[in-house]
Every structure is written in structure tokens, then in C-alpha cells.
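Mind docking chain V on chain X? Use the hints.
Heads up: the protein sequence lines correspond to chains X and V, in order.
In terms of my numbering, the first sequence has 59 at position 59, counting the first letter as 1, and numbering is strictly consecutive.
One rule links them: number in my numbering = place in the second sequence (from 1) + 1000.
One thing to keep in mind: the hints can contain errors.
Subject to a maximum C-alpha distance of 27 angstroms in a straight line, what follows is the list of computed DSS-like cross-link-like pairs (lysine-lysine) [to be verified]:
hint : chain 1 : residue 1 : chain 2 : residue 2
1    : X       : Lys68     : V       : Lys1014
2    : X       : Lys68     : V       : Lys1044
3    : X       : Lys5      : X       : Lys56
4    : V       : Lys1044   : X       : Lys71
5    : X       : Lys71     : X       : Lys106
6    : V       : Lys1044   : V       : Lys1014
7    : X       : Lys5      : V       : Lys1057
8    : X       : Lys5      : X       : Lys54
9    : V       : Lys1057   : V       : Lys1009
10   : V       : Lys1044   : V       : Lys1057
11   : V       : Lys1044   : V       : Lys1009
12   : X       : Lys106    : V       : Lys1044
13   : X       : Lys68     : X       : Lys5
14   : X       : Lys5      : X       : Lys106
15   : X       : Lys56     : X       : Lys71
16   : X       : Lys71     : X       : Lys5
17   : V       : Lys1044   : X       : Lys5
18   : X       : Lys106    : V       : Lys1009
19   : V       : Lys1057   : V       : Lys1014
20   : X       : Lys68     : X       : Lys56
No wet-lab data here; the hints were simulated from the structure.
None of these values were measured; they are calculated from a predicted model.
Here is what each chain is made of, one letter per residue.
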Amino acid sequence: DQQVKQNSPSLSVQEGRISILNCDYTNSMFDYFLWYKKYPAEGPTFLISISSIKDKNEDGRFTVFLNKSAKHLSLHIVPSQPGDSAVYFCAASDSGGGADGLTFGKGTHLIIQP
Amino acid sequence: NAGVTQTPKFRILKIGQSMTLQCTQDMNHNYMYWYRQDPGMGLKLIYYSVGAGITDKGEVPNGYNVSRSTTEDFPLRLELAAPSQTSVYFCASSYIGFLSGANTEAFFGQGTRLTVV
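Bound conformation, chain X alone (with noise of 0.2 angstroms):
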């Protein structure tokens, strides 16, 4: 049972547009969300994050959105640039829950055409 799901595992975007990739969860209880980015070959490194008391948050390029009614997240990169391209999972913690440590979604994988 997928708690954090990613639909779309691929995604291709012209440079210089807005990439929007979409994340939805279905535990009510998770209350901190996380994007992370991940090239070939190497681990994951933190992007951005949002707390449930927000509904955004921004980054220079990077705005996350948080709908709690919907259980949605998405992630804005605003203008898509050719080393955005890699794969971005979003994950979530319930600070109230049993193991410590985030749920990941399946991942999106983005590709940025130039």
C-alpha cells in the first residue's frame, strides 16, 4: 500500500518552461514533506521541504505547494534549466508515527528538452 505516490514517472519539459511535478499521500498523519533529487549513480540530496502548518514554500527557483484537504503536493522549478534533469521523489514523515525515517514515493523522472 503506496502511502506516497508519484503517477507520473516520467515528465519531459522544454528549457526555460515551468516543470510542475505532482505528489499525493494518502496517510493523513504526515505533516512534514520533503523533495529530493537524485542523478544516476548518486544518492539522493535535499531540495526543498514544507511543514503542514504552510502551504508554500520557495527557493529561488523551487516553490513547493501543499493542499492537506486534497493530500497533494507539487513541485514548481521555475525556469527549468538542462541540470534539472534527473529523478525527483517526494517523501514524508509523520512526526507522531512508529519508525523514524521518511516514506518515499516511487519518483518522477524529468527530463528538461533543450
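Using the frame of chain X, we list chain V on its own:
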């Protein structure tokens, strides 16, 4: 400026063999984690540790063991390797735990690609 270091990067094991995946971090983080990532899947938590001498099971602990004798090191042991353990293994660390309710991030190593044949 090493962060989280994993060794080896690649390994091929025969069924029934054992091995230890090494993980060390130099950020003085209390929390450490082991994840595995199967093709086309997200990362799944195997074991985690909240400090030296304390370990606990994650989502997929069967077939693995861990120990945490120092803050820096968190080795993952496979005793009887099985083909189902073919995966990429990531070690991670964080300053505080996610159960604390405080915002944090986990820093990941580069991964160990393990194939069991």
C-alpha cells in the same frame, strides 16, 4: 567535507554469502538510516538508529542486521544473501529525527549497488 560515505560502491555476492555494507558520517549526526531502492521503486527504510547503541527496525528489516557502536558508523550486515536482496542501498543521516516534529533533512551517501546471483 565528506558527509555520508558508503563502501563498497558495487558488489556481487553469491547466494548464501554474507557481507557488511559500511556507512560512516562526519557530521556528528545522531540519527542514521539504511534504505534500499529497487528498480522503479521509491526508497524503503530497512533499519534506523537514534544514537550509538540504539537501533530499530524500519519497513523491510528481514534478512538484515545493524549495529551502532559509534556515532559515526552504522554498518548493515547481510548474513545469508538472497536474490531478493539485489538492490541499491543508501545510508543516510540527520541531525535530529523526523519523529521529533522539528523540520530537518536527511543527507544521503552515494549508494552501494548489490547484486546477488
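Here's how the hints hold up against the structure:
1. In summary, the hint linking Lys68 of chain X to Lys1014 of chain V is not supported, as the alpha carbons are separated by about 47 angstroms, beyond the 27 angstroms threshold.
2. A hinted pair counts as satisfied when its Cα atoms are at most 27 angstroms apart, and Lys68 of chain X with Lys1044 of chain V qualifies at roughly 24 angstroms.
3. As the CA atoms of Lys5 of chain X and Lys56 of chain X are separated by approximately 20 angstroms, the hinted pair is consistent with the 27 angstroms bound.
4. Between the alpha carbons of Lys1044 of chain V and Lys71 of chain X the distance comes to roughly 21 angstroms, so the proposed pair stays at or under 27 angstroms and holds.
5. Distance restraint check for Lys71 of chain X and Lys106 of chain X: the Cα-Cα separation of roughly 17 angstroms lies within the 27 angstroms cut-off, and the hinted pair is therefore satisfied.
6. At roughly 23 angstroms between alpha-carbon atoms, Lys1044 of chain V and Lys1014 of chain V fall within 27 angstroms of each other, so this suggested pair holds.
7. Proposed proximity of Lys5 of chain X and Lys1057 of chain V is supported: the alpha carbons are some 23 angstroms apart, at most 27 angstroms.
8. For a cut-off of 27 angstroms, the pair hint linking Lys5 of chain X to Lys54 of chain X stands: about 21 angstroms separates their Cα positions.
9. For the suggested pair Lys1057 of chain V and Lys1009 of chain V, the alpha carbons sit about 24 angstroms apart, so the restraint of at most 27 angstroms is met.
10. Distance hint between Lys1044 of chain V and Lys1057 of chain V is fulfilled; the C-alpha atoms sit about 12 angstroms from each other, no more than 27 angstroms.
11. A hinted pair counts as satisfied when its Cα atoms are at most 27 angstroms apart, and Lys1044 of chain V with Lys1009 of chain V qualifies at roughly 19 angstroms.
12. Simply put, Lys106 of chain X and Lys1044 of chain V have alpha-carbon atoms about 10 angstroms apart, close enough for the 27 angstroms limit, and the pair holds.
13. Restraint check for Lys68 of chain X and Lys5 of chain X: satisfied, since their Cα atoms lie roughly 15 angstroms apart, inside the 27 angstroms limit.
14. Restraint check: the Cα-Cα separation between Lys5 of chain X and Lys106 of chain X comes to about 7 angstroms, which is no more than 27 angstroms; the hinted pair holds.
15. Note on Lys56 of chain X and Lys71 of chain X: the hinted pairing holds, with a Cα-Cα distance of about 14 angstroms set against a maximum of 27 angstroms.
16. Restraint check: the Cα-Cα separation between Lys71 of chain X and Lys5 of chain X comes to about 11 angstroms, which is no more than 27 angstroms; the hinted pair holds.
17. Restraint check for Lys1044 of chain V and Lys5 of chain X: the C-alpha separation of about 14 angstroms stays at or below 27 angstroms, so the hint holds.
18. A hinted pair counts as satisfied when its Cα atoms are at most 27 angstroms apart, and Lys106 of chain X with Lys1009 of chain V qualifies at roughly 22 angstroms.
19. As the CA atoms of Lys1057 of chain V and Lys1014 of chain V are separated by approximately 25 angstroms, the hinted pair is consistent with the 27 angstroms bound.
20. In summary, the hint linking Lys68 of chain X to Lys56 of chain X is supported, as the alpha carbons are separated by about 11 angstroms, within the 27 angstroms threshold.
The structure does not agree with numbered hint 1 stated previously, though it agrees with all others.
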